[in-house]
Amino acid sequence: MDLGLNEIQTMLQNLAREFMETEMPTARVLEIDDSPSGFAVEVWEKMSEIGWPGMVIPEQYGGLGSSFTDLGVVYEVMGYYACSSPHLSSAVLASQAILEAGNDSQKQALLPGIASGQQIFAFAYTEPEYAWGPGSVQLQATRQNGGFTLNGTKLFIPDANIADQILVVARTASGSNPEDGLTLFVVPREASGVSVRVQSGWLGPKVCEVNFDGVQVADSEVVGAPGGAWPAVEKAFDRATAVLSLYMAGGTQRVFEMARDYSQTRIAFGVPIGTFQRVQDHVIEALNQADSAKWSAYEALTQLDDGSPGAAVAVSLAKAVASDGFALACDASHHVHAGIGTDLEYGLTQFTKRARNLQHYLGDAIFHKARMARLMVT
Amino acid sequence: MDLGLNEIQTMLQNLAREFMETEMPTARVLEIDDSPSGFAVEVWEKMSEIGWPGMVIPEQYGGLGSSFTDLGVVYEVMGYYACSSPHLSSAVLASQAILEAGNDSQKQALLPGIASGQQIFAFAYTEPEYAWGPGSVQLQATRQNGGFTLNGTKLFIPDANIADQILVVARTASGSNPEDGLTLFVVPREASGVSVRVQSGWLGPKVCEVNFDGVQVADSEVVGAPGGAWPAVEKAFDRATAVLSLYMAGGTQRVFEMARDYSQTRIAFGVPIGTFQRVQDHVIEALNQADSAKWSAYEALTQLDDGSPGAAVAVSLAKAVASDGFALACDASHHVHAGIGTDLEYGLTQFTKRARNLQHYLGDAIFHKARMARLMVT
Amino acid sequence: MDFALQYTDEQQHFRQEVKTWLDDNIPGELRDGWFPQDQDPAVWESCLAFRRLLGEKGWLAPAEPAAQGGGGLTDAHEIVLLEELEDRRLRWFLDTPSQSLKQALLPWINQPHTGELLTAINTGSVLLWYPWLEQVKELELGSIGIRALRDGDDYILSGKGLFTGHGRRPDYLWILALAGPESAPEEATAAFLVPGELDGIAVQTNRTLAPGEAMAVSFEQTRVPAYCLLGNDGDGWLLTRAAFLEEPASRLPRLQEHDLEALLLFAKENFREGVPLLDHPVLQQLLMEAHIESRINQLFRMRDAWMRSTGQDMTYQAAQTALLESRAARRLSEISRDVMGAYALLDRRDPRAPSSGTLELQQRMSLVHQSQDSGVEGYAAAIAQHLGMGMPQDLSQDISMETSPAPNHPGGATGKPEQADVSSDVSSAGPLLKK
Amino acid sequence: MDFALQYTDEQQHFRQEVKTWLDDNIPGELRDGWFPQDQDPAVWESCLAFRRLLGEKGWLAPAEPAAQGGGGLTDAHEIVLLEELEDRRLRWFLDTPSQSLKQALLPWINQPHTGELLTAINTGSVLLWYPWLEQVKELELGSIGIRALRDGDDYILSGKGLFTGHGRRPDYLWILALAGPESAPEEATAAFLVPGELDGIAVQTNRTLAPGEAMAVSFEQTRVPAYCLLGNDGDGWLLTRAAFLEEPASRLPRLQEHDLEALLLFAKENFREGVPLLDHPVLQQLLMEAHIESRINQLFRMRDAWMRSTGQDMTYQAAQTALLESRAARRLSEISRDVMGAYALLDRRDPRAPSSGTLELQQRMSLVHQSQDSGVEGYAAAIAQHLGMGMPQDLSQDISMETSPAPNHPGGATGKPEQADVSSDVSSAGPLLKK
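Chains as they are written, first to last, in this note's numbering: chain A, 1 to 378; chain B, 379 to 756; chain C, 757 to 1191; chain D, 1192 to 1626.
It is worth saying that the hints were derived from the structure and are not from the lab. Just so it is clear, CB atoms sit at the ideal spot from N, CA and C, and this is done for glycine as well. Just so you know, not all the hints are guaranteed correct.
Estimated spans, in silico, between C-beta atoms of each pair [claimed, not checked]:
(1) A:E21 x C:P951: 44 to 52 Å
(2) B:A551 x C:P1032: 29 to 37 Å
(3) D:R1540 x A:L5: 46 to 54 Å
(4) B:I386 x C:A822: 39 to 47 Å
(5) A:R17 x D:E1208: 44 to 52 Å
(6) C:A822 x B:G443: 51 to 59 Å
(7) B:D380 x D:R1540: 45 to 53 Å
(8) A:T265 x D:S1316: 52 to 60 Å
(9) C:P821 x A:E345: 38 to 46 Å
For the chain D half of the interface with chain A, some residues (derived, Cβ under 8 Å), not all of them [what the hints assert, rightly or not]:
(10) M1192
(11) F1194
(12) L1490
(13) M1493
(14) A1571
(15) I1574
(16) L1578
Starting from the given sequences, assemble the full structure and let the hints guide the process.
This is the structure in C-alpha cells:
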C-alpha cells in the first residue's frame, strides 16, 4: 500500500498547478464561460504544447503513454481551477474509443492529431431521451450508397460547437440486447447535414444539440466493426469517468477550501463565523465529500492502470461519490457563504454549475449505483 | 378550515391523558415489554370499560360509532405514552375488516365481543416473505371436507399470543392479479393445528410466528366471499394505518420533548447543552418530524371520515412521514441524550424500539411512496 | 377538524372578477409566468406597465385602504387575488417586502412627503429598493458600506451597498448608512429614503445567480437633503429592522407547488427505456418525497394561518415553516436533477427547456434563498430560541435573536399614531435594541 | 499509488499459524462470532476461558514485549492477528481501551504492584474496568458520581459510577473520583486502581441497549488503601484523560464490513414478489449506498494508516474517519431496516434471525456508539478545531478541545521513563491541562 504520488506525478501536479494558476484565475473562468463558444483556444494551444492531449495515447500514435493515474493528477488540478477544455471529449473519450475500436490505420490516421491537440473531437452519445445506458442510443445509421446515412439528434454534447470532428455513437441494428448494434462514426462537424446549436442554461461549459439530417458517412469513417462498438465505448466511458471523477474531486476540494477560508475570515457578532457549529458542519460536509471523492477516484484509476477486474465497479463507485458529493459540497459552501456566494464574480458559482452539470455527465449516482449492483452480482 | 379539536375530541384527549398518566408510567411500559406476554390485561380491561375497543364500531354492533379522527386523538396520546395494547389488531384491523367484508350475522356475532373488549382478535397477514402487498399473501387455504384447510406460516403478527381469535388472510386462489383470491378466516387461537411462538428481538410489543398445520375452518368462519377479501382488507389497512400514524406522531412528539427538556437541563461546560447549535439541530429535527407526522395523519383521518377520494393517498403520505420521521426523531433524541439515552430505565429506548418496529408495520415509507405514485397516476 | 379551504360565494365571485381582469390585462410576454430574476430589459418594460395596472386597481397593496392607494380588500379577498396571481406564476409582483417597509414608513405618514410616497408605492407609480436582507438581519457595522456625513442641512452619502427590489433602476432607495463612526452600534446608523435620480448614484451591473435579487448601488458624494432622513440620526438600524420584524415566514410564502407540478409533468411525459420516468421505481420514490415535502409545507402554512386567525400564540411555528420550505426547495432542486438529468439545467431561452425553464430557475433560486438561513443566524436559531434553547449567555448579549412577533401596522390602517408610540413599540422588540 | 494490502511471506506464514491456533482453540459457542453486548452468563464463561488462552499466547497485547505478558509481535504481524479475529467476529477481545489505559499505567511500571498488574492485564488473568467514555471525554465534575475522602492512610469511596469493560465483575476498577470538593476542576479529582473484591463494591444489574458496554457500580464506604492511588491527589482526571488521548479513531476501528456482508447476503437470498431484494431497484440503490460508505471507510482507514506509517502529520483525518464510521453505522442500520423490514430486529435468540442476529445488534450498537459523537463535543468539533475553526474565544477557555496527537507509549515499550518526564509530556497535551 502506498497512497503517495510518484516522482513523475508530483512533477505533473506542480506543472499543472503553475499552469492553472496562470491561465485560469477566477475572472478568466467566468470570461470563458460567458464567451459564445466557451472555448479558450490559446489555453488549449498551451495545453497541447505540454502534451496533455496525448497523455493517455500510446507513444506509437504520437502520445505520451502516461498512466490513467498520471492523467488523474492533472484532472484533479484542472477541477480545482474549474478549467474548461475539450480535453475529456477529445483526448479521453474519443481517443480511447478509437484506440479500443479502431483498426491500426484509423489509429494512425486519427490519434496523432488528437494527441497533438490539432484535431479536436467531440463525443456524441446522449439523445433527447437523456440517459447513459446503451439502450438510450437510438440515432439511426442506415446502410446507403455504400456507406451509412445518419438521421437523428444528439443532445447535451460538450464541445460539439468547437470540434473539428464528431465521434458519433449511432445504432445500426436493433435487437433484444441494446448493447448490440452500436457503431462509431467519425463525422466532420462541417459535414453536410450536421447542425450544431449551443444550448442555453445554467451549464458552465457549453453543451450542444447536434442534428444529423441525412448525413452521409463513408465506410472508412466507421471506427471498428459495425454494430460492435459497445465494448470500446464502455472502456472509454470507464476511463473518462474515472478522470472526470478526479476533476470533480478537485472542484470539491476547492469549494471546501473556499468555505473554510471564508468561515475563518468573515466576522459576525465579533467572532469568525467558523466558530458556529452550523457553519462548521457545512464546512466539514464539504471536506468529507472532497476526501471521499478524491480517494475513491484514485483507487479507480489505479485499478484501471492495473487492469484489475474490479475496475469497473471502482469507477462507478467513484462517480457515484463524485456526482452527489460535488453538488452537496457546493450547496454546503453556499450555505457558509450566504449572499456573497451567489455573486458570480466571487468565484463559487462556477463550481456550483459545473457540479450540477457534471453530476449527470457519464451517468449520475443512480445510474452508477445500479451499474455497480449489476457488476457485483454477476 | 379548522384545525382544532371539537368538544368531544378535547374530552377524549383529556381522558386519554389522565388514563395514560396513571396507567403507563415509564416503568410500567418497561415491565409490560419485559413480561412474557407483553400484555397488560388489567389495562385492557380498563380501556374496555371506557369503551375504547368499540370506538370505530357502529352502535348497532355494540360500539360507540366514533369518527376515525376521534380515535386518532386517543391514539396520539397512546403513542405519547408508548402504550401497548391489542387495540390496533382487534379493535381496528379486525373490526374494520369484519365490518367491511362480513355479512350481518357475522357482524352481529363478532363485533360486539370486539367492541366490549371481551374478545381479542389478532390480524394475521404477513408471512416469511415479509411484505405488505397482496401478492405477499401465500398461506394456502384449500377446500376440504366442506370447509377449508389452512397450511402455512404467518410471521411478525402482533398480539397473536394473547388473542382469542385470529383473523387470517389466506389465499384460496391464484391468478394474474394478486388482489384476487384472498379470503378472511376466523380461527380460534386454540384451534387444532395452530401454534403460536413469540419472536425474539428488539421489537417492543410482541410479534409472533403463527403456524397453521392442516387447520380446519368451517365455511361459516369465512368472512365475506371467498377470494374477495382484498377490498375489505385494504379499507381496514387504511384506517388502521391512519390511526397508527397518529400513534407514531404522539411518540415522535414525546421523544422531541425529551430531547428538548434534556437539552435545557443538562449542563456541559457551564451552559445547558441546548445552547450548542448541533444539539439544537437534533432537537429541531425531532420537532419537525413530530409536527409533520401529526398534521399529515390528522389530514388523512379527516379524509377517511369524509369519505374523500384522496383519502388513500393521504393515508399513505401520513404513514410514509411517520415511518421515517419517528425513527429519525428517535435517532436525533439519542444524539442529544448520548449515554443516558441508552439506559433502558431512562425511558427513551422504548420509543426507539417502537419506532423501528412500527416503521414497517402496515408498510414502510418505500411501500407507501410507491402506493401513492400508483394511486396518483390512476 | 377540517383541512379544506372553503371559499364563500363572495370570494368565488371576486375570483371570477380577478380572473377576467387578469386575462384581459396580463401582457403576452408574461402569460407563461415570468420572474424578475430572469431579467430581460424588454420584458421588464411590460412588467412595469402591468405593475402600474395592478397599482391602479389597488392590487399592489390589496389590503390597504383605498385612500392610501391600496385595494381596500379584506384578507379573504386578498387570498383569492394571491392565489390567482400564483396560478399564473406572477405573484412575485406582490412579493417584495415593501409591505413591511411601508409599515416602517407609517409613523411618518402625516409628513406630507411620506404620505405621498406611500400612496405612490402602493399604486406602483414609484419603485422602491431596500437594503439586501442579509445586511439588515444582523447589525454588522462592518458590513454597511455606505457612510453618511452631515454637511450643513444635508448629508453626503458615499460608498456601496446591496439592494433588492424590482426593476433596473429605483425611483427611491431605502438606505441604511453609517452616520456616527465611533458611537455604539445601535446609535451609529441612519436611514434615508432617497430619490434614485440624485447625482452620484450609480446602479452597477450585477452579476449574481439571481439577477433581480440583489443590486449593487454606489454612491459618490451624493448630496441628500435632510428631509430624506427617516426618524432621527441613529435610528437607522432600528427603523430598518422594524421593517423586517415580521416572522421569517411572511404572509406571502414562496409557494413551490408549481415547480413540483412541472417536475411531475416532465416525469409523466418523458421516458427512459420505454417507461415513463414516473414509473421508474427509484425516481418514483424521489418524486413522492418531493410531493410529501410540498404537502407538509402546505399543511404547515395552513396550521400557521389557522393559528393566526384564531388568535393563538405563534411561537416556533412560522420559523419552522420557513425552515422546511427552504429545505424543501433545496431538496426539490436535487430531485429535479435526479429525475430530469441535464434537462433540469436548461433555461427559458432554450427551446428544449421543459416548462419554460422554471426548474432551472428553481435550481438557482433555491440556492439564493438558502442563504437567508445561514449557519450564523436563521430559522433554526429562531426555532431554538422559541424552544428555550438560546445561545450561551455570553454570546446572546451580542446576538440579537428576534422573538417578538411583528407589531401590527403601528396604529393600523386607520389610526394615525404618534411617532412616540411607535418608537417605544419598536424599541421593545428585541434584546439587542435594549442593550 | 497502490491501494492493495500486500502481505509478506512471513506474514502469510504467521496467518496460517494463527488460523490453525484459532480453529483449535475457539470454543464452540463462539464459532459463529459473539459479542459481549449479548451477555449471557454461560457463554461468558467460555469467553473468559478463551480470553485466558489468548493471554497465554500474548495475543491480548500482541505488540507488547513478551516480558510484560505481551506477544512481542511486529505491527505487521499484529495486523494479521486482528484480521483473523475480525474474520471470526471476535476481534472485540482486543478492542477494549485497556491498551490506552496501560499506557497511562506505564509511568508506574517500576512500582512492583503496577508492573505485576500490567502483566496480569496483558495475559488476561485479570479483568480491568474503566470509566465510561462519556465521563472522561469532558471534565464535568458534576457528572462524577464517586467521592474519595482521605481517612488516615486510606481513602473512603462512596457513590456510583458507570464503567465499561469485559465480563460481569471486574478484578480491578480504574476509578475517577472527586477528591477535593471545592478546589479547581483540574485539581479536584483522583484516580484509583482498586481491586474489585473490596467491601462495599456492588455491580448493579445494568439495563442498557448494549448490556456489556456500560455497567453501573456503586461504592458504599469502600475503604481503599493509599497504594491504589494513581499518581497524586488531583492527578485523577489528567491521568484518566491521558489514557484517552489517542485520536478518536484508534488503531482498532470497529469494522462494519461483516454487517454489510450479512445484509447483502440477506438481499441476495430473500425475495419480494419473486425478485431477489438485491434486484429491487430502490433497495439496490440503498445497498450500494451502504457498500459505498463501507468502501469509503476502508479507504479512509488506509489513508490514515499510510499517513501514520510514512510519518506524515495527521490533522483532521482520524476524527474524520471516526465521524464517517459513526455516520455509516447509523445509515447502515437505516438501510438494514429498509431492506430487511422486521427481520432487521430479530435477535440471535430467534431461530428466524438472519446471520445470527448480527444486524439487530448493529441496530443497537450504532445508537450506542453514536452517543460518543455528541452535539457538544465529538468528532465534528475535533475536525473543526483542526481546520482552524475553533469555538468562540470566550467558550474555548472553558472547553478542552484536544488537538495534540497521542503521546506514544511514554518511554516506549522498551524504555523505562522517569515519572517526571511523563507528567510533563501529559501536561503539555491540551489547553485545558495548562489552564
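Q | P821 (chain C) paired with E345 (chain A), Cβ distance criterion 38 to 46 Å | A | Taking Cβ atoms as reference, P821 (chain C) and E345 (chain A) lie about 44 Å apart, which means the hint holds.
Q. Are A1571 (chain D) and chain A close enough, Cβ to Cβ, to be under 8 Å, as the hint says?
A. Hint holds; A1571 (chain D) Cβ to chain A Cβ min 6 Å, cut 8 Å.
Q: With 39 to 47 Å as the target window, see if I386 (chain B) and A822 (chain C) comply at their CB atoms.
A: 45 Å, holds
Q | Status of the hint placing I1574 (chain D) at chain A (closest C-beta pair under 8 Å) | A | 5 Å, holds
Q. For the pair T265 (chain A) and S1316 (chain D), does the Cβ-Cβ distance stay inside 52 to 60 Å?
A. 57 Å, holds
Q: Grab the minimum C-beta distance from M1493 (chain D) to chain A and call the hint holds if it beats 8 Å, violated otherwise.
A: This interface hint holds because 6 Å falls under the 8 Å limit.
(Q) I want to verify a distance hint. Is the separation of the beta carbons of R1540 (chain D) and L5 (chain A) within 46 to 54 Å? (A) 52 Å, holds
**Q.** Cβ distance range 44 to 52 Å for R17 (chain A) and E1208 (chain D), holds or violated
**A.** Because 49 Å falls inside the window, the suggested range holds.
Q: With respect to the beta-carbon atoms only, verify the hint that E21 (chain A) and P951 (chain C) lie 44 to 52 Å apart.
A: 46 Å, holds
Q. Is the shortest C-beta separation between F1194 (chain D) and chain A less than 8 Å?
A. F1194 (chain D) check passes; min Cβ-Cβ to chain A is 5 Å, inside 8 Å.
Q) Is the hint on L1578 (chain D) kept, meaning its closest Cβ partner in chain A is under 8 Å away? A) 6 Å, holds
Q) Can L1490 (chain D) be said to touch chain A, with a Cβ gap under 8 Å? A) 4 Å, holds
Comparing the model with each numbered hint stated earlier shows that all of them hold.
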